[in-house]
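Chains as they are written, first to last, in our numbering: chain A, 1 to 277; chain B, 1 to 311.
Mixed in with the good hints there might be a few duds.
To be verified - On the chain A side, residues computed to face chain B include the following (Cβ under 7 Å):
(1) 17
(2) 61
(3) 65
(4) 123
(5) 248
(6) 259
Honestly, the hints are just simulated from the structure, not real lab data. C-beta atoms are modelled at their ideal positions from N, C-alpha and C, and glycine is treated no differently.
In case you want the letters, here they are:
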Amino acid sequence: MRTSTTGRIGQYAALLAYLVFLAFPFLWLLSTAFKSPRELGSPHPGWIPEDPTLDNFRQAFDEQPLLRAAGNSLLAAVGAAVIAVLIATPLAYVMARGRTRLAKAATGWVVVSQAFPLVLVIIPLFLVLKNLRMINSLAGLVLVYVVWALPFALWMLVGYVRAVPAELEEAAAVDGAGRLRTLVSVTAPLLVPGIVATGLFAFITAWNEFFFALVLLKTPEKQTLPVVLTHFIGAEGVADLGPLAAAAFLATLPSLVVFAVIQRRITGGMLTGAVKS
Amino acid sequence: MTRVTATKRSTPGAPRAGGGRRRPDHGAWFLVLPALIPILVLSVGPLLYGILLAFTDSQSGRTRPTQWIGALNFRDLLHDTLFWESFRIGLVWAVGVTVPQFLLALGLALLLNQELRLRWLARALAIIPWAMPEVVVGVMWRLVYNPDAGVLNETLRDLGLGDGRDWLSGLGTALPAVIVVGIWAGMPTTTVALLAGLQNTPRELHEAAAVDGAGAWRRFRTVTWPALRPVALAMVALNLIWNFNSFALVYVLTSGGPGGRTRLPMLFAYEEAFRYGQFGYAAAMGCVMVAVISVLLALFLVGRLRAGDDT
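This is chain B alone, in the form it adopts within the complex (with noise of 0.2 Å):
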């Protein structure tokens, strides 16, 4: 049934554009399962199945039949201590390096959406990061931390404030080292994004309320924030998903080390699901970390959309 109305629908001009010929169109079918199936089967299909791998014992390589234990694997989770504190240190990877990386980006989109000399190169710069394998921005950073050979350290040592350290591996510098990273290798996204936005803003509006004697903050606060803003929650929302389910670049950077300060929970699950062979209870992880973040992220969203419209 479904189908027949679905398949009448999506032919838009043409059988209506041919006059009276109208024939069945099978096109649309034709045309959409290529995709659809893959999706379904490698897409749909696993996220259920993993959802439903969660509430059963399953483990790599044992003879045994897989069994359902029912929300066992959740109760468990309740009272891993380790897990929750990698949970913890994911909130505050994910949002160290959301909240920066958008004022920061924020400040550079503002300043490639002003006429200057260099522009062409500044943006054409500023989006490198985004080409990069995230591996080879992990080595990079790598080598500007090393505390030898390492730039970072090199450069206190020329400005004579101490000997530097090794950051990746002291107990206390490691997370915010590798959220400074975080911070810039994600800055493309954000800043084309935000200038994507900004250069929507009506230009007019600008330009009267410099006329009316506004000063750039003002102009900033009545003018460009209220056209930026719904780009800007959207990126803010996106970016704090994506980080708080980032993987290669700590994994490169320090493997979740020194003593587990930096193991973000998609690396805990990573070692349970594939160093230990805990399947279910790895699976189990990312339904609570899809759960969290879901409500989390409503939150924020509803504060966020009802405080707009106090303003």
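Next up, chain A with everything else stripped away, as it sits in the complex (with noise of 0.2 Å):
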């Protein structure tokens, strides 16, 4: 199949303009942050900065608690992606393997829980953690992440289980294996790279996420590097723009790493089929 000159060029521009767009509100964040407090007081504020400097960054730790809510951040993204993997990826294998009522259960679940508003879940969640004295905990909030990491770690695990031939755990049955041991000793390591994988993403999404660290987070000392971003900006809606903007490319840079480490393998594993060609 060829296409015309005139539509490469045409398709490039596209393209360009695609990718314009994807990219400058996070080129001009960076710019931000960099700039002097004078040039973005300035009247024409520009994009490269004129005199770059680290000013604001050192404002923004003077500012706002970030280390210890970075902090928190990490313990409840990495809790919260270690029992997601521990606990879905065996529930994963039932359901890639087995044909059970309750692997279908399981999946019809994970796609009704998509469908309702978080407010329904969050008011109940509210009140038994406050019954359990877990308000305000960060070991409160790493069990709702963990189940809310739940639908999508368990979509992806179910694909990773499918992969693994089902035959090679049939010889293992056959050398007299028994069901744990086949899966600890066959198909665990096969599965090691999509467990790594799928713990990455629930760290991403638990890194990322507010809503519920909003509501189950009532002092600064537990609060999350979401929440604590949202400080910078005053009651008026008024922020310091400088420090505001260093604040938000450090908090960004964590999920931006671990997803440059899975990125090939998220669009990878979606477009398979793609190699080939």
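Each chain sits in its own coordinate frame; assemble them with the hints.
Here's what the structure looks like:
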């Protein structure tokens, strides 16, 4: 199939327009983060900071407890990712291999639960966690994140389990290995890359989450990064732009790094079949 | 009873392959319970509890025991014009984000499916918004829209198109401005899903159609679109639900202002529950949101599927 030269030029122009649209807000954030207060106040802000400075970053750390917030976020995200993967992998295995009613019910629930507005979930959760004295605690938040990450984690893991040939397990069964033994020593090792990808994905979701953290964490010492970020914006909606941009940029870095690691896997997994061409 | 049958069926090839050695297998339950208990306790349970709460006068921090009040919350909601206004805004937002986003993402997916140079870079860039915290996306666009230091007004001034305006606090511009952000933020998910769908369309058919002299538009209509339809429909339906229920973006951008012009139903319910402590009433709002969205989606899907049968 050949496309005419004008067609090609048109395609590149369109692609360029898309890239500009998708990239410019992030570039502007970067630019703002390195601008001096004088330049931020000038009537003609430019793309490239005239005298780049790290003052905004210093000020951001002075204004809000960013390090502690990052620690909280890290704890919540790692906790949620590890627990979610530990409990989701066995269920995903059963869902992928068996055709039980249970697996169907679980799949159905995964789909249905997506449709419910969070407000219907958060009020009862708030009351339950309050009775358990787990409001304003990271442990409570981790529990909520685990359940919240499960649907997508299950969906990803079921795909990875299906990719492991069932014949391998049957061979192990012939050799007399029990079901658990087979799972641990035959299937699990083959699943490791998929499990890691799923865990990292759960990490990003939890790291980025805002609504549950906003409702469940009351004191600044417990709050996670997204919640602390909103403290830079005053009640009147007025914000100190430089430090806000600097803090927002820093808060994005971990997810961007993790994302860069699994990016190929996510698009790759969704785009299988493209590899051959 | 059901447990036994479930367990038996869940053992796939293993015991059969093992010959006559059939032994009771409790492995499946051992594997399922760790995930099932949290799902039941923290997802199914709270949802049912939430629906029950909608029929009570539950409030935060009060000493009197909560009482059943039947459908009183729903009757109040019926006359709550503020809520229905917020509901209308929610629908405008959900459709206003989903439809343009679908068209833009379809265009991008078609481009990324071509063999262009720098396709890898474009693919990587196209999914970056996915990795960003929604709060950061909101902050970023606040910087773009900022009346003085924002790049949008600066560009307008450079082009001689006037002085620009305060986009997020103008009564007329706030909702369109947040809709643009919504479109931007959801582009990656939709694009990747459509791209995956595109790559499952049969290449041979495409080439055959090209040999027969079909133009690009005809090839799209007759070969690409029929194969892409299921993915496209699913994506639009999911996006409608997600967008209608979204919270963080608009909370950071405008907190529902100015004058409630961008107060999505979730923001409204959040304020009702956690600012005014009206748990029962907010739960009733949640129920109404689910009900209306389910009906609209059912109508949409049935309509689209029927339209598909005719062609």
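Each hint, compared with the structure:
The closest approach between the C-beta of residue 17 of chain A and any C-beta of chain B is roughly 10 Å, which is over the 7 Å cut-off, so the hint fails. With a least beta-carbon distance of about 17 Å to chain B, the hint placing residue 61 of chain A at the interface is violated under the 7 Å criterion. At its closest, the beta carbon of residue 65 of chain A sits 16 Å from a beta carbon of chain B; the interface hint therefore is violated under the 7 Å criterion. This hint holds: residue 123 of chain A has a C-beta 5 Å from the nearest C-beta of chain B, less than the 7 Å allowed.
For residue 248 of chain A, the interface hint holds, the least distance from its beta-carbon to any beta-carbon of chain B being 4 Å, beneath 7 Å. Nearest Cβ of chain B to the Cβ of residue 259 of chain A: about 4 Å, under the 7 Å cut. The hint holds.
This entry does not satisfy hints 1, 2 and 3, going by the numbered hints stated previously.
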